[in-house]
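Visitor: Please dock the two separately framed chains into a single complex, following the hints provided.
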Amino acid sequence: MRTLFAAQSDRPLFEWRWVERNADNIVTRFTEHVSLTATALGIGLVLSVGLAVLSLRWRWFYPVTLSAAGALYVIPSLGAFALLVPFTGLSFTTAVIPLATYTLLILVRNIVTGVQQVPTEVREAAIGLGFTRVNLLFRVELPLALPVVIAGLRVAAVTTIGLVTVTSMLGMGGLGFFIRQGIQTTTPNPTAIIVGIGLSILLAVLVDLLLWLSERALAPWTRKARG
Amino acid sequence: MNVFDQLAAWLGEPGRWSFTDPSGIPYRTVEHLSFSLLSLVIAALLTIPLALWLAHYRRAAFLASSAVNIGRAIPSFGLIILFWFLASRWEVDTTFWPLLIALVALALPPLFTNTYAGVTSLDQAPVDAARGTGYTEGQIMLRIELPLSLPVVLAGARVAFLQLVATVAIGAIVNDGGGLGRYIVDGFAQGAGGYGEILGGGIAVIVLALVCEGAFSLLTRFTVPRGLRITRKNELPSRAKATIS
Numbered sequence: 001m002r003t004l005f006a007a008q009s010d011r012p013l014f015e016w017r018w019v020e021r022n023a024d025n026i027v028t029r030f031t032e033h034v035s036l037t038a039t040a041l042g043i044g045l046v047l048s049v050g051l052a053v054l055s056l057r058w059r060w061f062y063p064v065t066l067s068a069a070g071a072l073y074v075i076p077s078l079g080a081f082a083l084l085v086p087f088t089g090l091s092f093t094t095a096v097i098p099l100a101t102y103t104l105l106i107l108v109r110n111i112v113t114g115v116q117q118v119p120t121e122v123r124e125a126a127i128g129l130g131f132t133r134v135n136l137l138f139r140v141e142l143p144l145a146l147p148v149v150i151a152g153l154r155v156a157a158v159t160t161i162g163l164v165t166v167t168s169m170l171g172m173g174g175l176g177f178f179i180r181q182g183i184q185t186t187t188p189n190p191t192a193i194i195v196g197i198g199l200s201i202l203l204a205v206l207v208d209l210l211l212w213l214s215e216r217a218l219a220p221w222t223r224k225a226r227g
Numbered sequence: 001m002n003v004f005d006q007l008a009a010w011l012g013e014p015g016r017w018s019f020t021d022p023s024g025i026p027y028r029t030v031e032h033l034s035f036s037l038l039s040l041v042i043a044a045l046l047t048i049p050l051a052l053w054l055a056h057y058r059r060a061a062f063l064a065s066s067a068v069n070i071g072r073a074i075p076s077f078g079l080i081i082l083f084w085f086l087a088s089r090w091e092v093d094t095t096f097w098p099l100l101i102a103l104v105a106l107a108l109p110p111l112f113t114n115t116y117a118g119v120t121s122l123d124q125a126p127v128d129a130a131r132g133t134g135y136t137e138g139q140i141m142l143r144i145e146l147p148l149s150l151p152v153v154l155a156g157a158r159v160a161f162l163q164l165v166a167t168v169a170i171g172a173i174v175n176d177g178g179g180l181g182r183y184i185v186d187g188f189a190q191g192a193g194g195y196g197e198i199l200g201g202g203i204a205v206i207v208l209a210l211v212c213e214g215a216f217s218l219l220t221r222f223t224v225p226r227g228l229r230i231t232r233k234n235e236l237p238s239r240a241k242a243t244i245s
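First to last, the protein sequences are chains H and P. Position one of the first sequence corresponds to residue 1 (the working numbering), numbered consecutively onward. Position one of the second sequence corresponds to residue 1 (the working numbering), numbered consecutively onward.
Isolated chain P (complex conformation) (with noise of 0.2 Å):
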C-alpha cells in the first residue's frame, strides 16, 4: 500500500470527521485552536499591559530589546517537556498546564518586544499634543500610544501566535491531546504503517498555520485606526520593522 493509499485510508475511517470523536480532525482542531488562542489572550493580556506602561516611561529598554531574542534561544519542544516534567512530579494534571504554561512563556517574548518597539518608535508629536489638550498619562497611553502602534503590536501577535499553532502540535509528544500534532505523533509510534496518517496530520497542521495566517492578516487590515491606513506607506522605523519577522 502506497503512501497516498494510506492517507485514503486513513481519511476514511468512522469518526474522522466528527466534531465530538477525539479522533475527529475537526475535533482536533478545535482543540489545537482552543489551545493557541487561549495562551495568545493570556500572554497578550499578560506583557501587553506592561510593555505598554514601561515603554511610555522609557523604561527596561535593554529587556525590550533582548526578550526576543532570549525567546529564540529557547527550544519550545524542551520547555514543553521541562513543565511536563515538573507537572507529573508535583502531582499536578499534565494533560493541560505544563502545555498552557510553555505556550504562554514562548508567546511573551515577541507581544512584550513588538509592544515596547511600537510605542518608543511613535513619532512624539500627537503623545505632546494630547498632553497639552489635558490627556491624562494613562488616557495617553490608552488612546494614543496604544492604537497608534496597534500595527507593530499585531505583527508581534501574529509571530507570537503562528509559534504557538506550531508548538501546540508538539505538545502531542508528552500527552493526550496536542491538537492535530496528536495525529503526527501516533503516526510516527506505528512506524512505516503509520504514514498515512503521519501525512494527513502533517497536512492538517500545515492548512490550519496558513489559515491562521491569513486570518490574521484579515484581522490587522480592520483593526488598523484609519489614519494609518492612509500613512501605511510611510515606512515604520527600521527598529520596529526588525521585530517584524
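Just chain H, with the same shape it has in the complex (with noise of 0.2 Å):
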C-alpha cells in the first residue's frame, strides 16, 4: 500500500499545513453551511407547524398534505436543483427550497403525531380550566408534543447538513466546497476532501447533540419518566 501511496501522488493523505493556511476560508465555508442548515430548517418549520395546524383542524388535509410532502421527499437533491437554476439562477434560494420542502414530511408528521399523542385527560383538563382552541394548541398540545417535535427536528437538520454539500454544485460554497475543490485542482487534494466531509459530519453531530440537550432542557418531564 505505502510503495503504491509513493508511486502515485507525493500529495500526503493529510496536510496539517494546508489546513493552517486555510483556517479563514474553512470558517467562512463552516459558517455558509450552518447559514444554509438554518435558514433551510427554519423555512421547514415554519411552514410544517402552518400545515400541521391545517392537518389537525381538517382531517381531509392530513393525507393531503402527507401524500405532497411525500412526493417532494423523493425528488433528487440533484433533480431539484437542476429544475430550478434555469428560474432562480445559481443563488441561496436556488440551495434553499428544496433544502425546506425535505423537512417537510418529516415535521409535518412528527408535529401532528406528537399532538395526536397529547392523553385526552390533559386536553380535557385544559377545555375544563377554559382553554381556548388556540391557547390550548400553542400552550398544551404543542409543548406536550415537543419531544415528538424535537426528534423529527434532528432527523431534519442531520439529513439537510449533508445535503447541503451537494449546494456546492450551485456555487454555494459550505463545506461541499472543499469536497469538489478536492478533485477541482490539478494535483488531487485528499486533505480538502477529508476536511470538507469531517466537518460536515462533525457539525451534524454536534447539531443533532445541541437539538438532544435543548429537548431535555425545553421538555424536562421525559426524563423523569424515563427515570
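In short, the hints are calculated from the structure, not lab data. Do not take every clue at face value.
[Stated by the list, open to error] So, partial list: chain P residues that the calculated Cβ filter (under 7 Å) puts toward chain H:
hint	residue
1	Val3
2	Leu11
3	Gly12
4	Pro14
5	Arg16
6	Trp17
7	Pro75
8	Gly78
9	Leu199
Using N, Cα and C, we set each Cβ at its ideal position, and we do this for glycine too.
Guide: Following this line, the structure appears as C-alpha cells:
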C-alpha cells in the first residue's frame, strides 16, 4: 500500500499545513454551511407548523399534505436544483427551496403525531380550565408534543447538513466547496476532501447533540419519565 | 432563447432518444437504473442475512439503532468523491468502482436497521409456535421472521433505493456516466447556455425517481405475505415505524 501511494502522488492523505493555511476559508465555508442549514430548517419548521395546524383542524388535509410532502421528498436533490436553476439561477434561493421542502415530510408528520399523542385527559382538563382552541394548541398540545417534534427536527437537521454539501454545485460554498476543490485542482488534494466530509459529519453530530440537549432542557418531564 | 426553447432544442437533438447513443435519454435511464439496482442488490445481500441473524439472537442492538443516524450524517456527495480519489490514487478504474462502493455504503444503514427492527418487533407467538413445532433456528429465521418482517424490510429497501437513485446522479460529477445526472452536470459546465440541458436532466431524474417510488409501492403490495395484508391495519410498533421515512 505504502509504495503504491508514493508511486502515485507525493501528496500525503492529510496535511495539517493545508488546514492552517486555509483556516480562514474553512471558517467561512463552515459558517455558510450553518446558515444554509439554519435557513432551510427555519423555513421548513414554520411551514410545517402551519401545515400541521391545518391538518389537525381538518382531517382530510393531513393525507393530502403527507402525499404532497412525500412526493417532494422523493425528488433527488440534484434534480431539484436542476429544475430551479433555469428560473432562480445559481442562488441561495435555489439551494434553500429543496432543502426546506425535504424537511416537510418529517416535520409535519412528527408535529401531528406528537399533538395526537397528548392524552385526552390533559386536553379535557385544559378545556375545563377555559383554554380556547388556539391556547390549547400553543400552550398545551404543542409543548407536550415537543419531544416528538424535536426528534423529527434532529432527523431533518442531520439530513439537511449532508445535503448542503451538494449545493456547492450551485456555487453556494458550504463545506461541499472543499469536497469539490479536492478533485478540481491539478493535483487532487485529499486533505480538502477529508476536511469537507469530516466537518460536515462533525456539524451533523454537534447539531444533533444540541437538539437532544435542548429537548432535555425544554421537556424535562421526559427525562423523569424515563427514570 | 428562453429556457423552454432551449429545452425543446435539447430534446430534439439527434440521438437524444437512443438506447445506444450515450447522449440518449433512454441510454442514461438504463444506466441510472442498472447502477441503482446493482448497488441495492449488493447492499441487500450484504446486510439482510447479517441483520436477520443478529436480530434473531438479539445482538448488536446498539448498532441497529444508530446505523441510520450515522448513515444520514455522512454526505453522499463527499463519499463519492472520496472513493473516486482513492481509486485514482490506487490506479483502479474510476468510472465504476468508486461510485458502486459509495452507493453500496449508502444503502447499508437503512437496510440493516429496518431488517433488524422488523425482526425484533415481531410478535413472538409465531416464533415460539414454530420452535415448538420443531423448526430449527435457521428455519425460523427464513420461514417465519423474514417473511413476517418483510413490510418493514421493504420499507428500508425503498428508502435506500430512493437515496441511490438520487446519488447516482451526483456521481456524474466525477466521471462520465452518472446516468441522468450526466445532463445536469454537463449543463452546469456550460453556464447559461446549458439551462435547457439542466432542466431536461432535472425533469428526467425527477420523473425516474417518482416512477421508481411508484414501482416500489406496487412491489411492496404484491410481496407482503397474505396473512399480513389482512392485519395491515394493526399498527407497526413505534420503533419500526420511526425507521420508515
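Visitor: Look at each hint and say if it fits the structure.
Guide: Hint check:
Taking 7 Å as the C-beta contact cut-off toward chain H, the hint placing Val3(P) at the interface holds, the least distance being around 4 Å. A cut of 7 Å between beta carbons decides the hint on Leu11(P): the least distance to chain H is about 14 Å, and the hint is violated. Because the beta carbon of Gly12(P) sits about 17 Å from the nearest beta carbon in chain H, more than 7 Å, this interface hint is broken. For Pro14(P), the shortest C-beta to C-beta distance to chain H is roughly 23 Å, which exceeds 7 Å, and the interface hint is violated.
For the restraint placing Arg16(P) at the interface with chain H, the shortest Cβ-Cβ distance is roughly 17 Å, beyond the 7 Å limit, so the hint is violated. With its C-beta approaching chain H no nearer than about 20 Å, Trp17(P) sits outside the 7 Å limit, and its interface hint is violated. Of the supplied interface hints, the one on Pro75(P) holds, with its beta-carbon coming within about 4 Å of a beta-carbon of chain H, less than 7 Å. Against a cut-off of 7 Å between C-beta atoms, the interface hint on Gly78(P) holds, since the closest Cβ of chain H lies about 4 Å away.
Taken as an interface hint, Leu199(P) checks out: its beta carbon lies about 5 Å from the nearest beta carbon of chain H, inside 7 Å.
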